Amino acid sequence: MTGPLSPDQRSDAEPPGLPGFHTWRGVYLFVFGWFVLFVILLAAFGRHFS
Amino acid sequence: MNIADWVVFLGTLSGIAAYGSWRTRQIRSLNTYLKGRRSTGWGTIGLSVMATQASAVTFLSIPGQGFESGIGFVQNYFGLPLALIIVSGVFLPMYRRFGVYTAYEFLGRRFDWKTRLLGAGLFLLQRGFSAGVTIYAPAIILSTMLGWRLDLIIVFIGFLVIVYTVTGGSEAVSLTQKWQFAVISIGMVAAFIVLLIELPVGLGFDDALHIAGALGKLQAVDTSIDPGRRYTLWTGLLGGLFLALSYFGTDQSQVQRYLGGDSLRESRLGLMFNALLKIPMQFLILLLGALLFVFYQFERPPLFFNQPEWQRHAQGPERGAFSTLEQRHVVAVGDNEKAIRAWLQTRRSEDAALEPIARATMLEANRQTAAVRSEAKVALLAADPRAKTKDSDYVFITFILAKLPHGLIGLLIAVIFAAALNSLAAELTALSTTTTIDFWRYLRPLAAADEARNVRVARLFTALWGLAGVAFALLAGFAENLIEAVNIVGSIFYGVVLGIFLVAFFFRRVGGSAVFFAALAAQVLVVTMFLSLNIGYLWYNLIGCAACIAFSMLLRTVLGSRASTDPGRGA
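From first to last, the protein sequence lines stand for chains A and B. Everything in the first sequence is counted per our numbering, starting at 1 for the first residue and increasing by one. Everything in the second sequence is counted per our numbering, starting at 1 for the first residue and increasing by one.
A portion of the hints provided could be inaccurate.
To be verified - Where chain B lies over chain A, by a calculated footprint (3+ residues, C-beta under 8 Å):
#1 24-32
#2 35-43
Claimed, not checked - Cut-off 20 Å, straight-line C-alpha distance, at most; resulting in silico cross-link-like pairs (SDA-like, lysine to any residue):
#3 Lys388(B) to Trp148(B)
#4 Lys178(B) to Met50(B)
#5 Lys278(B) to Phe49(A)
#6 Lys278(B) to Ser50(A)
#7 Lys278(B) to His48(A)
#8 Lys278(B) to His22(A)
#9 Lys278(B) to Gly33(A)
#10 Lys278(B) to Leu41(A)
Rather than coming from a laboratory, the hints here were simulated on the basis of the structure. Bear in mind that the values here come from a model prediction, so they are computed numbers and not experimental data. C-beta atoms are modelled at their ideal positions from N, C-alpha and C, and glycine is treated no differently.
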């Protein structure tokens, strides 16, 4: 990349600031885990009521 | 609708529009006008992203989809959380690092001016047309069911949106979206509660779910690899990922929603808010449709939910055939209800011997009802080959008008209008921002220093795009094929635009000329395939994207690594 960097670049390292999460990787893993859990729950929901 | 409905309907919509205009009337800064205030928090960003995607058709068509085909449509959204993680981790930091107003401005920084104008031009072409559809699609359904004049509905929606988006730009869009989404949530929860109350006496929520499940409406996850199936886990993960990535990552109407805000953190949290809640929200709307299906097993539904369309033909020369179908439908629905009640009885008594027999009888009775509905559609087409036979979009609005108490009817009509305003407002500000920043300011670099003039120009473009959307919606009434044409045009261009952005982010050695000519070649390939082959147009998203990336890699070896970058004009 070229060109001067804006002050926003400094915020790249900004932590998520959520209780229990120190990095964005942790947040993404949580979101992904929630997605997998929800898909499993949906599958179980369909099976239970079929 | 009675006076209470009108008061709720007009009060809600005009109140929110007036509030948005009033709160943002003094905006003089281009940055605030195009990106919103710096103090915008993640909650507002998250709701704004969600509201932009949830158009009026979401609240009209998706319950109908649940009614007709069950909740399997939820799989279409399975790629969305993954796409939002990629956008949050890769796309968003780049956009913020360069402090851009538009996604295409970033292409100028990364590649060169011609790639930037190509990306911006493709966006304007595609989104400009779809703004008209955003107005037209709900307007035609409401016009049909409420008997209101179509042109007046279109002008009303257009007028409201133009007033507050011209006044307050992106700031007004975020502000109004928050309140409009609150109205939508309250309205949908109220409709859900009324539906549960309206279920027959003695039929609990658990029974209703078992009926929906037994009749095949609750299969949410389908792991089949049969390519003939439209909604499966795999099409949702793969197709949904590409679609969501191009929509959230490269479409300015979404990019603009999360570019504002105080920091990268607020934007990221806003996206993660959507990654967590979007699938549950779609599931609940689809479940509402599945429960509407159960409701109409005990209360005789119209044979065809678009009743004005049905009545138009039922009074014609084929009235005998239509009348016979209606009589058969009454009998089939009666038999169906008896069969369901008999099955429920065996289920409750835990009679393992009788339950399978009762279930088979119920399934057969349900098939008979569905067969009469199919015959009705065939009869409509026989009477008029141009008749509209898709009636699932009319299921929810039929329930609203027939079963909701006055006041709530007005609120639910306001919900549908609010959803249309949400999407349209985001589209107009995105179109205006792209026209101002990527074209007007780029072509008039000296004007960039005059802040007040920039805001005036952005306001003018917002109004012009709003008027163009209204004009297109009015025109669509005379040529409905335009709507399908817009969807096709979108699929033809979306893939190539996503390809350009993926090259920008992941293939750092590819330069501007290579990606520009690769995009042109990929576009020519897609258009040629579209004109000569007969494949589903959604596939062009994937083909365009893959071709753009492959051609870029090939051309890199011919033209060499990246050379030119945008000098930064208008940035």
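Which numbered hints fail: 5, 6, 7, 8
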